[in-house]
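One letter stands for each residue in the lines below.
Protein chains: 2
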Amino acid sequence: MENTINIGIIGVGTVGSGVVSMLTEHKELLKAKVGLPLRVTKMVSRSFKLESPVEGISVGKDPREIIEDPEIDIVVELIGGLEPAKSYILDAITRGKAVVTANKLLISQHGFEILKIASERGVPVGFEGSVAGGIPIIRVIRDALIGNEISMVRGIVNGTCNYILTKMFNEKKEFETVLKEAQRLGYAEKDASLDVDGIDSAHKIAILSFLSFGTDTKFKDVYYEGITALTYGDLQYAFDMGHKIKLLGIAEKVGDKLSLRVHPVMLPKDSILAKIDGVYNAVEVIGDYTGPTIYIGKGAGSKPTASAVVSDIVDTARSIYQKKKTKKGFVFLPKVTEPNLMDISELRSKYYIRLEVVDKPGVLAAISGIFGNHDISLKYVLQIERHEGQTVPIVIMTHISKEKNIKQSLKLIEGLEVVTKKPVMIRAMDDETPTG
Amino acid sequence: MENTINIGIIGVGTVGSGVVSMLTEHKELLKAKVGLPLRVTKMVSRSFKLESPVEGISVGKDPREIIEDPEIDIVVELIGGLEPAKSYILDAITRGKAVVTANKLLISQHGFEILKIASERGVPVGFEGSVAGGIPIIRVIRDALIGNEISMVRGIVNGTCNYILTKMFNEKKEFETVLKEAQRLGYAEKDASLDVDGIDSAHKIAILSFLSFGTDTKFKDVYYEGITALTYGDLQYAFDMGHKIKLLGIAEKVGDKLSLRVHPVMLPKDSILAKIDGVYNAVEVIGDYTGPTIYIGKGAGSKPTASAVVSDIVDTARSIYQKKKTKKGFVFLPKVTEPNLMDISELRSKYYIRLEVVDKPGVLAAISGIFGNHDISLKYVLQIERHEGQTVPIVIMTHISKEKNIKQSLKLIEGLEVVTKKPVMIRAMDDETPTG
Numbered sequence: 001m002e003n004t005i006n007i008g009i010i011g012v013g014t015v016g017s018g019v020v021s022m023l024t025e026h027k028e029l030l031k032a033k034v035g036l037p038l039r040v041t042k043m044v045s046r047s048f049k050l051e052s053p054v055e056g057i058s059v060g061k062d063p064r065e066i067i068e069d070p071e072i073d074i075v076v077e078l079i080g081g082l083e084p085a086k087s088y089i090l091d092a093i094t095r096g097k098a099v100v101t102a103n104k105l106l107i108s109q110h111g112f113e114i115l116k117i118a119s120e121r122g123v124p125v126g127f128e129g130s131v132a133g134g135i136p137i138i139r140v141i142r143d144a145l146i147g148n149e150i151s152m153v154r155g156i157v158n159g160t161c162n163y164i165l166t167k168m169f170n171e172k173k174e175f176e177t178v179l180k181e182a183q184r185l186g187y188a189e190k191d192a193s194l195d196v197d198g199i200d201s202a203h204k205i206a207i208l209s210f211l212s213f214g215t216d217t218k219f220k221d222v223y224y225e226g227i228t229a230l231t232y233g234d235l236q237y238a239f240d241m242g243h244k245i246k247l248l249g250i251a252e253k254v255g256d257k258l259s260l261r262v263h264p265v266m267l268p269k270d271s272i273l274a275k276i277d278g279v280y281n282a283v284e285v286i287g288d289y290t291g292p293t294i295y296i297g298k299g300a301g302s303k304p305t306a307s308a309v310v311s312d313i314v315d316t317a318r319s320i321y322q323k324k325k326t327k328k329g330f331v332f333l334p335k336v337t338e339p340n341l342m343d344i345s346e347l348r349s350k351y352y353i354r355l356e357v358v359d360k361p362g363v364l365a366a367i368s369g370i371f372g373n374h375d376i377s378l379k380y381v382l383q384i385e386r387h388e389g390q391t392v393p394i395v396i397m398t399h400i401s402k403e404k405n406i407k408q409s410l411k412l413i414e415g416l417e418v419v420t421k422k423p424v425m426i427r428a429m430d431d432e433t434p435t436g
Numbered sequence: 001m002e003n004t005i006n007i008g009i010i011g012v013g014t015v016g017s018g019v020v021s022m023l024t025e026h027k028e029l030l031k032a033k034v035g036l037p038l039r040v041t042k043m044v045s046r047s048f049k050l051e052s053p054v055e056g057i058s059v060g061k062d063p064r065e066i067i068e069d070p071e072i073d074i075v076v077e078l079i080g081g082l083e084p085a086k087s088y089i090l091d092a093i094t095r096g097k098a099v100v101t102a103n104k105l106l107i108s109q110h111g112f113e114i115l116k117i118a119s120e121r122g123v124p125v126g127f128e129g130s131v132a133g134g135i136p137i138i139r140v141i142r143d144a145l146i147g148n149e150i151s152m153v154r155g156i157v158n159g160t161c162n163y164i165l166t167k168m169f170n171e172k173k174e175f176e177t178v179l180k181e182a183q184r185l186g187y188a189e190k191d192a193s194l195d196v197d198g199i200d201s202a203h204k205i206a207i208l209s210f211l212s213f214g215t216d217t218k219f220k221d222v223y224y225e226g227i228t229a230l231t232y233g234d235l236q237y238a239f240d241m242g243h244k245i246k247l248l249g250i251a252e253k254v255g256d257k258l259s260l261r262v263h264p265v266m267l268p269k270d271s272i273l274a275k276i277d278g279v280y281n282a283v284e285v286i287g288d289y290t291g292p293t294i295y296i297g298k299g300a301g302s303k304p305t306a307s308a309v310v311s312d313i314v315d316t317a318r319s320i321y322q323k324k325k326t327k328k329g330f331v332f333l334p335k336v337t338e339p340n341l342m343d344i345s346e347l348r349s350k351y352y353i354r355l356e357v358v359d360k361p362g363v364l365a366a367i368s369g370i371f372g373n374h375d376i377s378l379k380y381v382l383q384i385e386r387h388e389g390q391t392v393p394i395v396i397m398t399h400i401s402k403e404k405n406i407k408q409s410l411k412l413i414e415g416l417e418v419v420t421k422k423p424v425m426i427r428a429m430d431d432e433t434p435t436g
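In the order they appear, the protein sequences are chains A and B.
Take the first sequence: its letters are residues 1 to 436, numbered as in this note's numbering.
Take the second sequence: its letters are residues 1 to 436, numbered as in this note's numbering.
Hints in this document: simulated from the structure, not taken from any laboratory.
The beta carbon of each residue, even a glycine, is placed where N, CA and C say it ideally should be.
Heads up, a few of these hints could be off.
[Stated by the list, open to error] Some chain A residues judged to face chain B by a derived CB distance under 8 Å, without partners named:
hint, residue
1, Leu30
2, Val140
3, Ala306
4, Glu338
The whole structure should be built from the sequences, with the hints applied where relevant.
Below you can see the structure in the form of structure tokens.
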């Protein structure tokens, strides 16, 4: 057991229960990918939101059971708020324990102070879960873009506001109406001011700014406006002028100054950020070497945030493991298995097909017959031009069909005397995009 | 100098020169962010593409000068191709040197083999530059989404094809014409088959699949089709049916099988992937906890790929540093400076303004006068309804103006007797989106 990484979780609410479920549900997967046994040994919470107790994990009420346990390597703080979260974290760091937190309020106000103390003790602190849930934006800025001079970070970082704006526009409703609906459905808090006044976005911008520009920026440095003054009319007027309105958090270098702000922004309606609807978040980072890059995903919720917290746990565990073993560096090598490959002939898809055919009676019947015999039903058949006796294109869209049947049909169709060229076939993907 | 990380670069062409320029140009920034002195000590290349020699870096022709140099910690391989790149890399690993490469061909065919040998020796190998240049997709899949069971990775991973398809559609041109233009402009190789036949995308899908599913998938396992059969007509018919055509690489779990394929796909024209134009790449990853996430950025080119290579160098350097120092873990703590904050009043933007005013003669003149006196010029003024004597909305869009002037104007306007409500003001961002 000496190389097991032991984890204690303080706060088992929405996010905490997601973390426990990810770590237990994907135990084997994580072992294969990480190569380290991660074990949650203790959880404490005032109100456990777990569906059932998990075998092998002791539960309690007192966070000190975790902080003071010499067997625990990583303390995961998920209670939120400034205190007692800050004291718990500093206490854990002082005892040499690694810390993982999703506490945006705390990090946006005391992030640098906490990291400084942790750095002096050589203790890793992860906070990926504090901004934009399922989007690994902390890791991207901190590690992936590290060689870049960043000029701007901006994005939709509050799902509640984005949900409200999307609903207002799509359903032609006013702010108050949609807010009440959102509150009833649990998408907005009863006291929604943290979200709709732009405060939550300002917390996140303070954190992103700190990471991007290396400045000790805090929540108090961010100018913010919310969305409460917007009417359906504003969204419609904006749209008529070619724009959509989104609440953006922005951290931008302007000359030698840094502009930190949160406010509604009119974006060209065809831009990527304008298309991010509902509970999705999106963050754009402009680096001098990468140019603009955009990261899109679900911004909150139990599972996406759990994914962020677990990625921090794994990162931290690797670093602890390295300290324990020390002989050689820990090198990523996943367990590799033989792939069970699917042949392209087994694919099921909708298909666009373009044929070049001689325009004469009976051609369409012959083609449709071949498709019908191969269990392929057609959604559209378009013959765009008519030139009796000459070659014209026919464009076909099928319903979901088997690739094998499509290819057999096309072979037969290609053999028809009236077909003058090899058919062109393109697979269609109509599945839901993540912007709904 | 004991803690300096010494770097040798083999191959100083397009990407290599970008790496050298990033490491020298951003030397101070990297020192502040990483806390480690990174030093390129040697470069070898058959054809240096550097604009000028860089002080303190010795240059040569023989890669063994780097591989056999006991002072060098990290070997950066940027010559591409299978051999001699593979031998150089394995030789470096055997000598205990860390390796960073952007070689997609090599990794797509021998990635697992190389990582296995490196893992046995405890030597880190980075290959972020091998897929989608400026998008940190390797790091995202390997680290950020590590707790997720991934069901699909798909994306636009070849900028040349995307450039050609974008041009064909926008300029109503045929494939051959656009390809020739692209070749003349240097956006496509003289022998473009690696790109336009889908082979390059297939290399990248093999790598992404290996990372996402932990299967030893290689290039040979990927079914591929290119874009050479597509006509302008196909793009237009697709668009008329609500779709855009993109060349996608796809790695997807279908039941208990894995489908690896590259082919043109019709996507709903309002989807995010359909909006990725020109030389931009985009990769969508669906994890069971995160749900769908999308990553967008420039896919190739000297600077974006250099950014990826440098992020690997930094990552590797941290791990080497940790091995050298060993006492305590290396903990991220950037150098932090006092921010020079810009006040919101200094912002320059276009502004959308909605006023509720009593509809009577002279109102517009009064309002325009106030804006004029504050150096604000108006792009649109729309009075949508007319109801003499009643309250009606007026919508205004300004040209770029100073926030201070806008706020002063609005204060005066709010004080006008005919203005019945607090004005609503929204900042507009019309800057180029990264999809051009």
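Now for the hints, and whether the structure bears them out:
no. : hint   : in the structure
1   : Leu30  : 6 Å, holds
2   : Val140 : 6 Å, holds
3   : Ala306 : 6 Å, holds
4   : Glu338 : 7 Å, holds
In the structure shown, no violation is registered for any of the earlier numbered hints.
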